[in-house]
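Student: Given these sequences and hints, build the entire structure.
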Amino acid sequence: MIVVSDVSKSFAGQRVLAPTNLEVPRGRTTVLIGPSGCGKSTLLRIIVGLITPDSGGVTIDGAPMTAATALELRRRIGYVIQDGGLFPHLSGRDNVTLLARRLGRDPDWIRRRVEELADLVRLPQAALDRPPAALSGGQRQRLGIMRALALDPPVVLLDEPLGALDPLVRYDLQEDLRRIFRELAKTVVLVTHDMGEAGFFGDEIVLLGGGTIVQRGTLDALIHSPADDSVRRFILAHRLPGMTAGDHR
Amino acid sequence: MTRRATIWGLVAAACLAGPAGAAERVVIGSKGFTEGIILGEILAATVRHAGGEPVHRKALGGTQIVFQALERGEIDCYVEYTGTLAAEILRDDAAAAPEQLGAALAARGIAAGAELGFDNTYGLAMKRALAERLGIRTIGDLVARADEPAIAALEFAFSDEFVRRADGWPAVRAAYGLRQTPRVVDHALAYKGIDAGSIQVTDLYATDPEPRLHDLVLLEDDRRAFREYRALILTRADLHERAPAVAAALAELAGTIDGPTMAGMNAAVRVDKQGEAEVATAFLRERVGWDVAPVAADGFRRLVHDILRATGQHLLLVLVSLAAAVVVGVPAGILAERHPAAGRWILGAAGIIQTIPSMAVLVFMVPLLGLGWRPAALALFLYSLLPIVRGTATGLASIPGHLREAALALGLTPWERLRLVELPMASRSILAGIKTAAVINVGTATIGGLIGAGGYGEAILSGIRLADAARLMEGAIPAALLAIGLERGFDRLERWLVPAGLRTAGR
Ligand SMILES: Nc1ncnc2c1ncn2[C@@H]1O[C@H](COP(=O)(O)OP(=O)(O)O)[C@@H](O)[C@H]1O
Ligand SMILES: [Mg+2]
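Line order of the protein sequences matches chains Y and U.
By the count of my numbering, the first sequence reaches residue 249 at its end, each step adding exactly one.
By the count of my numbering, the second sequence reaches residue 756 at its end, each step adding exactly one.
These are computed hints drawn from the structure, not numbers from a lab.
Keep in mind that this is a model prediction, so the values were computed, not measured.
Do not take every clue at face value.
Unchecked claim - The calculated label-pair distances, taken between Cβ atoms and stated as ranges, are:
1) Y:Asp106 / U:Pro606: 57 to 67 Å
2) U:Asp740 / Y:Thr66: 38 to 48 Å
3) Y:Asp176 / U:Ala646: 33 to 43 Å
4) Y:Pro35 / U:Ile733: 51 to 61 Å
5) U:Pro580 / Y:Trp109: 28 to 38 Å
6) Y:Gly137 / U:Arg744: 26 to 36 Å
7) Y:Asp176 / U:Gly600: 53 to 63 Å
The beta-carbon is built from N, C-alpha and C at its ideal position, and this holds for glycine as well.
Tutor: This is the structure:
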């Protein structure tokens, strides 16, 4: 369970997050959605402890995220960075297995795990042995996901993880990820700007805007009873089939 | 080609390892100009003649460095000038008199030995023909007849050092009341000017070969304005106990070299391009009656051997200093990048060190570390710091923020992040810094030739001193090749050390 209580953050006097509360129950998936620059990535960074909030705090399964606990907690969190964040000096495989090797996992176990994960994200074996610079954007995103899942963490945070994939691969990967999240009861926060993806993954969808939570609920609730005009416009902008401006009058 | 100290020592040891039994090793020093080196070779040959094993640490540097080496017992003897001792070491004009000098030196564990017989003082010189035509024989004549138009029209041109030194132009002007305003010119150019007739009076050392070459006459210093620079053998006070035969032979040199003889030997080396050692043994054979066999020279093998030895010494200097600079510089670079406030200090200090002339570093270091490779390596170490610190700090600073985040978020400890992510990502820049330091070091390591550390500097410096291009190339060409080789080596190392992903991404 992830609990975010009264977390706020400003950068150079510019408020990015107003005091915000969020709970993600164990085994559930919360999707953060909202216009670009509304603070989605900032909120994820605060949850992983990369940014210290100006106020409030975060607990992961009851343990508060502090400087002292960060190292331990982070190893139980898989974090997929917005643009992959792969280390350019390591091959794909070494990126995925870096922490496992550091923690002294059995090499055979590591090898099998890499195969499993490559199967899961449908990454060709050859791509594993190339440096990130020699891979396509989609392959890099898939490696980023493999790295986040390598140690089978109970908590997974994903920052626009599938943006660079072509639609067919994305479709399959969405299916596989949701199956994993459900079957293994992962606690997940996923950031996307795609309403369809939000509806597919989200037990709850949280719409951020202007540094605060504008509305939270299911996709249906967002579509059929938008909290205000900004939500309505945000949803309209996605041109979901069968929706026109008249639907909500 | 000139002989080299070590060969002398080795061959001499081989020759003498007979009836005399274990020969006493006597280390001779010399100052860094032709006369000093010739005198060093004379001392070395004298030691050999007396059954000792000489080691000549050639052209060690200036007065301070050589005198301190003697004081510390790193060398056993060398030839110094009384005027220089009084002015630069004892800082007491009265001390140039033999009795005072002896006492002052004894207090420092040094014995004032034989005076060789010549006085290498400053002098003023004119074209012989002109001096005879004007009837000028002494400096006093210039003053007494200053009102004659022909005398008033004489142009004076002196070297910068002569004009500045208190015992140079200021002394002679005050003593005679000379009113001419001298021009300051380079020494070599002054001789050209005198030949061309654009200047008429210049300064020189009494034993310079130039008077003979340019047909100059030295004006007599009738009022004794110039200090005396009588050449004097200085030895460690205990030398006569350690090596009585050597001390006795050195004493026999007293009065054997008069001014013209010394000038002749200087000319033999500087003008006729003879080796200092040949000139020294020829002098001992002809003037003292000692037949000290010159060391047989097999030109090519000698050359190869010398270059190999210099290469070894040069590499030792470069690599030892570089390794130390890596060990210190990389952590300093990490610190500089982590703490910008400390970083400003670290980079500032490394930058200031860079601007200190190498001679100044040596003058500071030799008293602490003695002669040889240590002070040279320390100077090179100091010069290597800036490129390495800077390469490390900029390499680390250029790691993109999201990759630092990725490493953090993965749950790596600070040490793991540094070792597994940050240093490998900065490896290119760090290696570039090390490469720069190495190549610069190859050039700077020529200072080793000044303080007995050997290396290519020995040949380069003596080539410059003697205007001997072949000798200079003997050091300069291998130094250039070594720099290129090291650069190549580092390119290899880069291919091997820098991860493939960075190399493709970086270009
Ligand atoms: N380290 C930072 N320093 C200053 N401003 C930042 C920093 N990180 C994010 N911001 C600003 O905060 C706002 C929210 O950023 P972000 O959380 O990345 O938005 P998004 O919702 O698109 O992920 C943006 O205006 C961004 O410019
Ligand atoms: Mg973002």
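Student: Against each hint, give a clear statement of whether it holds in the structure.
Tutor: Outcome of the hint check:
A hinted range of 57 to 67 Å for the beta carbons of Asp106 (chain Y) and Pro606 (chain U) is consistent with their spacing of about 60 Å. Checked against the given bound of 38 to 48 Å, the beta carbons of Asp740 (chain U) and Thr66 (chain Y), roughly 47 Å apart, stay inside it. Our hint of 33 to 43 Å for Asp176 (chain Y) and Ala646 (chain U) holds, since their Cβ atoms are close to 40 Å apart. Judged by the Cβ atoms, the range 51 to 61 Å given for Pro35 (chain Y) and Ile733 (chain U) holds: they are separated by roughly 58 Å.
In this structure the supplied range 28 to 38 Å holds for Pro580 (chain U) paired with Trp109 (chain Y), their Cβ-Cβ distance being about 36 Å. Distance hint check: the CB atoms of Gly137 (chain Y) and Arg744 (chain U) are about 28 Å apart, consistent with the given range 26 to 36 Å. For the pair Asp176 (chain Y) and Gly600 (chain U), the supplied restraint of 53 to 63 Å holds, since their beta-carbon distance comes to about 56 Å.
In terms of the numbered hints stated before, the structure departs from none.
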